[in-house]
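2 protein chains.
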Amino acid sequence: MAQNIYDDPAFFNGYCQLRRSIDGLAGAAEWPAIRAMLADIKGLDIVDLGCGFGWFCRWAREQGAASVLGLDLSDNMLARAKAETTDGGICYATADLDHLQLPAAAFDLAYSSLAFHYIEDFGRLLATIHRALRPGGRLIFSIEHPIFMAPARPDWSEDAEGRQIWPLDSYQMEGPRITNWLAEGVVKQHRTMATTFNLLIENGFTIARTEEWTPTDEDLRVHPDWASDRDRPMFLLISTFK
Amino acid sequence: MAQNIYDDPAFFNGYCQLRRSIDGLAGAAEWPAIRAMLADIKGLDIVDLGCGFGWFCRWAREQGAASVLGLDLSDNMLARAKAETTDGGICYATADLDHLQLPAAAFDLAYSSLAFHYIEDFGRLLATIHRALRPGGRLIFSIEHPIFMAPARPDWSEDAEGRQIWPLDSYQMEGPRITNWLAEGVVKQHRTMATTFNLLIENGFTIARTEEWTPTDEDLRVHPDWASDRDRPMFLLISTFK
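As given, the protein sequences belong to chains A and B, one line each in that order. Be aware that the first sequence starts at 1, since it is given in the working numbering, and climbs by one per residue. Be aware that the second sequence starts at 1001, since it is given in the working numbering, and climbs by one per residue.
What the hints contain is simulated information worked out from the structure, not anything from laboratory work. Check before you lean on any hint, since a few could be wrong.
Claimed, not checked - Per label pair, the in silico range of CB-to-CB distance:
#, chain 1, residue 1, chain 2, residue 2, range
1, B, R1134, A, N4, 50 to 56 Å
2, B, A1160, A, E184, 17 to 23 Å
3, A, A83, B, W1181, 55 to 61 Å
4, B, E1161, A, Q17, 26 to 32 Å
Said to hold, decoys possible - Derived coverage of chain A by chain B (criterion: at least 3 residues anywhere in the stretch with Cβ under 8 Å from a Cβ of chain B; other residues may be distant):
#, region
5, 110 to 123
6, 143 to 157
7, 168 to 174
8, 197 to 207
Virtual Cβ for every residue (Gly too), placed ideally from N, Cα, C.
Could you put the whole structure together from the sequences, leaning on the hints where they help?
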């Protein structure tokens, strides 16, 4: 079972302070890029893997999605998602993505935001998603970028001349990374870019597009502190189809 | 026109001392990985883009390739390739990949080893290759990995605790990188992983597999000095089909 860090009180309280928890999709820097990948979702049956507070589920219905199944491991998050949702076209349920079961050929789109990097057996999950998609169905997701996740010390550092650099190491050493983000001992699973792409392909997905999220010039005018995100990618977005 | 650095005497002399110039394919660390991607090439018409001394062209014919066209910008390299080849099934020709013209539907496999990172307009080249491939034809190539190429100072550095790290920066700043490898002022073209994949897809290629070359355990027993290549990938290998 994946670590249920979102139900850790310290982590959850910290997470609630993030812009993306207060402003929803508009508070997520990478949202415009993933929004562009989604394109038209009208009439689709959608599953949201790691739905959190349900921001995406509600947005998808506003865009005309036929139905949305929001799955999450965290009771804290699902409770707030349910409290903030009145739409009968959205169903929330508890699910551990490491042991996910889904009905066959039930969805046109599987969506996931920043959840898959907590999953240990990504191949198993992809096989489950593939089976659950209808022919031509899409899987569109974001994860923390492997460059962001790999280092033993994942924080900005300085070179001998005092210039800011990202201290990459351990890139090829896949497996758990334990960080102290919002709480102590948050466990993520590092996989290389190649492993992520190859697992998708081996499980029957065709790669349609990928983005290593970077701030636009407009982003930098509004958030000059995001400039360092041009030095190393923080998010990896991947669009695929069955 | 791409910089013709291989005809710079200092660079060429340095390049001739590399293991891959003395031992051929067996002297290239990434060869076993790209060999596995190639699989069976018997009976294929092949174009080798940046053929250098012709090692791959001769190997491909030994494997039963029907014909191999070896293209390179460097007269030095082509002169040695011709001098070392007696096989009439191999044809060598001078070509600048930045202005490449190829016949339509003439090849089953386009191969390239560590040449595309010198190319300025990768999209144009890919459109040319796609047109030159027969239906189902493959493009398999290696480039320097964007993580390897991006930094302002692309060399090992140390963090505050004296541990070796790869000082990543400028990852999202695509464009020329000037290094002093074998000679001064070698110009390479940095593109992100995402740009490389998206240009392939936009030009009609399907991604079949990718590898971020890393030494195997056996490699490390023979070459313990390769251990640092586990901290950051040096080569990116991509297998695609039309």
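Right, here's what the structure says about each hint:
| no. | hint | verdict |
| --- | --- | --- |
| 1 | R1134/B x N4/A: 50 to 56 Å | holds, 52 Å |
| 2 | A1160/B x E184/A: 17 to 23 Å | holds, 22 Å |
| 3 | A83/A x W1181/B: 55 to 61 Å | holds, 59 Å |
| 4 | E1161/B x Q17/A: 26 to 32 Å | holds, 31 Å |
| 5 | 110 to 123 | violated (count 0) |
| 6 | 143 to 157 | holds (count 5) |
| 7 | 168 to 174 | holds (count 6) |
| 8 | 197 to 207 | holds (count 5) |
Hint compliance for this structure: hint 5 alone is broken.
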